[in-house]
Amino acid sequence: MNRSMMTHRSKDYKDLHRSIVEKLRKALETDMHIILAATSSSGFLESCVRCGVQSKMLGISNGSFGERWQKIGTANGKEVVKLQVPWGKAVRPKDLEGTVDESTEAVTLVSNESSTGVFNPVEDLIRAIREEGDPLVFIDGVTSVGAIDLRLDRIDVDALVFGTQKALALPPGLAVICASDRLLEKAKSVENRGFYFDLLELKKYADKDYAMTTPPVSLMYGLDFQLDRMLKEGMTSRYERHQEMADIVREWAERRAGLFAEQGHRSNTITVVNNTEFNFDAIQNSLEGKGYEISGGYGKLKDETYRIGHMGDLTVPDIREFLAVMNKVMEELA
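Position 312, counted from 1, in the sequence shown is what this note's numbering calls 769; the numbers after and before it change by one each time, with no gaps.
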């Protein structure tokens with residue numbers, strides 16, 4: 458990432474852009490359209506809504522980031538039908554019965570709800586949606602891609618959105634959308650798609666291996682390098698490593714106050730731990746003094762939980778070492 462800058466209209470940039478897209482195709486096993494942009498993932502969530510919905514959408518939520526999809530729809534003047542599932546619970550196919558009709562243009566869903574530590578059964582849910590109707594399906598894959606198996610050759614999805622800063626283990630600032638032909642075709646008939654996040658305009662440049670506006674070239678160097686590392690590790694091995702790290706953290710958390718997410722639907726990238734005993738700020742301050750950091754509860758779970766991430770380039774020894782430190786911190790605070 459410390460390489461020299463280059464103009465994003467040069468042949469060198471074009472080669473870098475193409476290299477990233479080709480490696481993403483291998484990692485995700487997809488032939489969908491891949492578009493990169495300088496934004497957080499929320500920017501491309503908005504692209505989905507602005508380009509794929511003229512009037513009405515179904516927003517499925519079982520946590521704070523499901524609610525974000527709903528808020529984006531409302532902010533862009535769409536009619537948002539809200540399907541609310543209790544926090545800590547996974548969305549199930551039966552929850553979708555009767556929720557989709559001919560007027561439903563799109564359904565939004567979070568694959569891995571990091572506010573609650575729940576992983577939703579994406580394949581089963583998409584299958585259930587298709588049984589109800591034929592809307593576009595948009596997936597937030599922010600804390601899934603690169604750690605949890607979301608290979609696009611197996612799921613009938615119209616958009617998958619993710620960024621660089623989670624399981625790809627890079628700084629924030631670059632987002633990716635994998636878009637279907639159906640979504641891009643629908644966009645042609647949707648009014649007021651905006652400018653910066655108009656997928657049709659972005660695709661014109663992506664088809665030529667360019668970015669529409671100035672991209673974060675340093676981050677792209679990093680992403681190209683990181684994709685090489687991921688493919689060398691092997692995606693199956695990478696998913697297995699994340700599963701093992703998650704199992705270790707979950708076993709530890711069960712011996713504490715327990716996990717917020719229901720059993721059988723727990724995330725392999727983040728564990729949300731119930732906190733009935735300790736002041737989170739005290740935990741965090743002590744951890745920081747030892748070179749570690751975790752996250753507090755998110756949204757309405759702020760005072761009830763804390764969150765431990767186990768994704769990206771972390772390894773099983775890293776996790777074991779961290780939990781040993783965590784035990785020491787809790788002994789000191791008890």
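Treat the hints with caution; some may be incorrect.
Claimed, not checked - Derived pair list, reagent style SDA-like, types lysine to any residue, alpha-carbon separation capped at 20 Å:
#, residue 1, residue 2
1, K785, Y755
2, K661, E479
3, K747, K689
4, K546, Y755
5, K785, H722
6, K665, Y470
7, K480, Y662
8, K747, L780
Stated by the list, open to error - With beta-carbon atoms standing in for the labels, derived distance ranges:
#, residue 1, residue 2, range
9, A714, R475, 22 to 28 Å
10, P628, D760, 28 to 34 Å
11, N784, M462, 41 to 47 Å
12, E789, P628, 42 to 48 Å
13, F682, Y653, 48 to 54 Å
14, E588, S512, 21 to 27 Å
What the hints contain is simulated information worked out from the structure, not anything from laboratory work. Positions of the beta carbon are idealized from the N, C-alpha and C atoms, including for glycine.
Now the hints, each set against the structure:
Restraint check for K785 and Y755: the C-alpha separation of about 25 Å exceeds 20 Å, so the hint is violated. A hinted pair counts as satisfied when its Cα atoms are at most 20 Å apart, and K661 with E479 qualifies at roughly 17 Å. As the CA atoms of K747 and K689 are separated by approximately 32 Å, the hinted pair breaks the 20 Å bound. Only pairs whose Cα atoms come within 20 Å are accepted, and K546 paired with Y755 is accepted, the gap being roughly 16 Å.
The suggested pairing of K785 with H722 is violated, with an alpha-carbon distance near 29 Å, which exceeds 20 Å. With a C-alpha separation of about 11 Å, the suggested pair K665 and Y470 falls inside the 20 Å cut-off, and the hint holds. Restraint check: the Cα-Cα separation between K480 and Y662 comes to about 18 Å, which is no more than 20 Å; the hinted pair holds. For the hint linking K747 to L780, the alpha-carbon distance of about 12 Å falls within 20 Å, and the restraint holds.
For A714 paired with R475, a C-beta distance near 49 Å fails the hint of 22 to 28 Å. Evaluation of the 28 to 34 Å hint for P628 and D760 yields a pass: the beta carbon distance comes to about 29 Å. Look at N784 against M462: about 45 Å separates their beta carbons, and that is inside 41 to 47 Å. Separation of E789 from P628 is about 32 Å and departs from the stated range, judged on CB atoms against 42 to 48 Å.
The given range of 48 to 54 Å is broken by F682 and Y653, whose C-beta atoms sit roughly 27 Å from each other. Distance hint check for E588 and S512: the Cβ-Cβ separation is about 23 Å, which falls inside the suggested range of 21 to 27 Å.
Hints 1, 3, 5, 9, 12 and 13, counting from the list given before, are not met by this structure.
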